[in-house]
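Colleague: Protein chains in written order, with our numbering: chain A, 1 to 101; chain B, 1 to 98; chain C, 1 to 320.
These are calculated hints, taken from the structure and not from any lab test.
Mixed in with the good hints, there may be bad ones.
In silico SDA-like links for lysine to any residue, alpha-carbon gap of 20 Å or less [unchecked claim]: (1) A:Lys51 to C:Met129; (2) B:Lys66 to C:Ala208; (3) A:Lys51 to C:Thr8; (4) C:Lys33 to B:Pro30.
Far from chain C, by Cβ distances over 12 Å, these chain B residues were calculated [stated by the list, open to error]: (5) Ile4; (6) Ile14; (7) Phe17; (8) Phe18; (9) Asp31; (10) Ile32; (11) Ala38; (12) Lys41; (13) Asn44; (14) Leu47; (15) Ile49; (16) Gly53; (17) Lys93.
Only some residues are given here: those of chain B computed to face chain C with a beta carbon under 7 Å [as the list claims (entries may be wrong)]: (18) Ser80; (19) His83; (20) Lys87.
The beta carbon of each residue, even a glycine, is placed where N, CA and C say it ideally should be.
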Amino acid sequence: MSPQLIYPLIGAGLFSLGLYGLIVHSHLLRKILAINIMGSGVFLILVALAKRSGEMPDPVPHAMVITGIVVAVSATALALAMMLKLHTETGRTDLPDDQQT
Amino acid sequence: MTIIDYLSIILIIIGAFFFLAGTLGLLRFPDIYTRLHALTKADNLGLGITIIGLMLQLESIMAVGKLLLIWLLVLLSGASVAHLIAKGAVQRKIRPWK
Amino acid sequence: MEISLLSTIFDVLLGLSLLGLAWSALATTDLFKAVLLFIAFGLLMALVWVRLNAPDVALAEAAIGAGITGALMLSALARLNSPHTGRAIASHTTDPEKDPSIQWWPFISLVLVFIGLAYSVFTFSPAFMGLQPDVYSQLVNSGVENPVTAVLLNFRGYDTLLEMLVLFVALLGVWSLGENPAVKTPFISPVLDTLSRLLTPVFILVAAYILWVGAHAPGGAFQAGSILGAAGILLLLSGWQLRKDTSSLFFRVLLLAGPLAFVALAAITLLIQGQLLEYPPAQAGLLILILETFATLSIGVTLAALFLGGFPWSKNRALK
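Here chain A stands alone, though its shape is the one from the complex:
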């Protein structure tokens, strides 16, 4: 396994961990955390791929990842606002499908 493959594999691992966390947890804040970790995994794979073009890495995936980071923070802000609204309306922080009681 060449050293170049370390970071893409770590990115794949982060994506899978985040997906597991997203499915398993019922608390909405944890789901939001898990989605952010999935996003970071995807960005890691993209930038690791960009490094394949040698000493001067391919700038297009870098630009895509910067765009992705900004979009991720906007989505996180909106998701947090929706979670807070759900909490003020119903007092719970999980969705009706996931409630165990």
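Given the structure of chain A, go ahead and fit chains B and C onto it with the hints provided.
Modeller: Frame of chain A; chains B and C shown alone:
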């Protein structure tokens, strides 16, 4: 590798040692106040020494000034945040370890 | 040969601690700890970006990914626990319904997804030029010397236009969820007050510097905008009553300045050159700088308003 490079490496290793000491303090000290003490003192000093080691590698005064500004900002924010955390701990009636 | 073995070991250690931090952030029962571990994860990611020769991404991740996302989550957590919502709420930082054992069907899907992704990673060819030769050959015509800025603001300017609109739409979504309940600000320590007064001019200066230097070194509009957003968050946390300002016309103009500048430039280039966002190479540098300035202002104001949450006060609404 010139003498300047060796000096930089030694200084950065010393700085890393201070960071290690600060983290050890964070993990092992008994209450929040002593942990804050270990963190701020050791990390600020560690950062300062690391920055001196890095400054030796630069060619322009402007870059040296920027590194100095970074250290001053970290010092300022670190001290203020440590004060705020300690104040919050006092308000929550966390007693210092005897 | 020695150096490459050491750097490989360093990469493996960095990657494993990244995975470890992510796993602890997802597995810990205390929500506050989870958010803090996530912030640490973001900072370690910034280190990984530097390792991968991506300093612009490192700046953006440290400022936005670790800093602003962390601040947003901590603020949401504080509002979840706050006694002002009028309900008898037990502490929500622990998650009482989380089943500590591994659930098998999601775990199997995790393993399958990982195997699939790892397989596709192995099939990538180790040296692939991608779009790098195209970007570098056209860099002289783009008006800037930093290739990432050239791609973001010139070659793929359309994506950045859409991104400004995404930020704006997210803010509209947050505003449409209703008014922010007025949180009683606790006693503001004089240290915090002095800190906000001292640091805000420094924030503005550093943001302007990163904006300017983004043309030929790592930096750019998004990083500078997030620094301005952090300044806004510091002011909000220090008790400055910025809520009244958020309903003013000036604030709304600042919010829209970025997207409108992009759309206006797109329309102008469409009319003159016949192509969307095609800058004439002679004025490209100046146009990029103007666009970046408006974008920075918009991004900063939008991020601070996202942190504030809730619809801004209108002038004729009485304080309850």
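Colleague: Look at each hint and say if it fits the structure.
Modeller: Right, here's what the structure says about each hint:
As the CA atoms of Lys51 of chain A and Met129 of chain C are separated by approximately 9 Å, the hinted pair is consistent with the 20 Å bound. Distance restraint check for Lys66 of chain B and Ala208 of chain C: the Cα-Cα separation of roughly 14 Å lies within the 20 Å cut-off, and the hinted pair is therefore satisfied. The hinted pair formed by Lys51 of chain A and Thr8 of chain C meets the criterion: a straight-line CA distance of about 15 Å does not exceed 20 Å. Between Lys33 of chain C and Pro30 of chain B, the direct Cα distance comes to roughly 19 Å. Compliance with the 20 Å bound is thereby established for this hinted pair.
The claim that Ile4 of chain B is not at the interface with chain C holds, since no C-beta of that chain comes within 12 Å of its own (minimum 20 Å). Listed as a non-interface residue, Ile14 of chain B keeps its Cβ farther than 12 Å from every Cβ of chain C; the least gap is roughly 20 Å. Listed as a non-interface residue, Phe17 of chain B keeps its Cβ farther than 12 Å from every Cβ of chain C; the least gap is roughly 18 Å. No Cβ of chain C comes within 12 Å of the Cβ of Phe18 of chain B; the nearest lies about 19 Å off, and the non-interface call holds.
With a cut of 12 Å on Cβ distances, Asp31 of chain B stays outside the contact zone with chain C, its closest approach being about 18 Å. For Ile32 of chain B, the condition that its CB be more than 12 Å from all CB atoms of chain C holds, with the nearest at approximately 14 Å. The Cβ of Ala38 of chain B lies farther than 12 Å from every Cβ of chain C, with a closest approach of about 18 Å, so its non-interface assignment holds. Every beta carbon of chain C lies more than 12 Å from that of Lys41 of chain B, the smallest distance being close to 18 Å; the non-interface claim holds.
Every CB of chain C lies more than 12 Å from the CB of Asn44 of chain B, the least distance being 16 Å, so the non-interface label holds. With a least beta-carbon separation of about 14 Å from chain C, Leu47 of chain B lies farther than 12 Å from that chain, consistent with its non-interface assignment. At roughly 19 Å from the closest C-beta of chain C, the C-beta of Ile49 of chain B stays outside 12 Å, upholding its exclusion from the interface. Once the 12 Å rule is applied to beta carbons, Gly53 of chain B is consistent with being away from chain C; the minimum gap is 17 Å.
Residue placement check: Lys93 of chain B keeps its beta carbon more than 12 Å from all beta carbons of chain C (closest about 15 Å). For the restraint placing Ser80 of chain B at the interface with chain C, the shortest Cβ-Cβ distance is roughly 5 Å, inside the 7 Å limit, so the hint holds. This hint holds: His83 of chain B has a C-beta 5 Å from the nearest C-beta of chain C, less than the 7 Å allowed. Below 7 Å, beta-carbon pairs count as interface contacts, and Lys87 of chain B has one with chain C at about 6 Å; its hint therefore holds.
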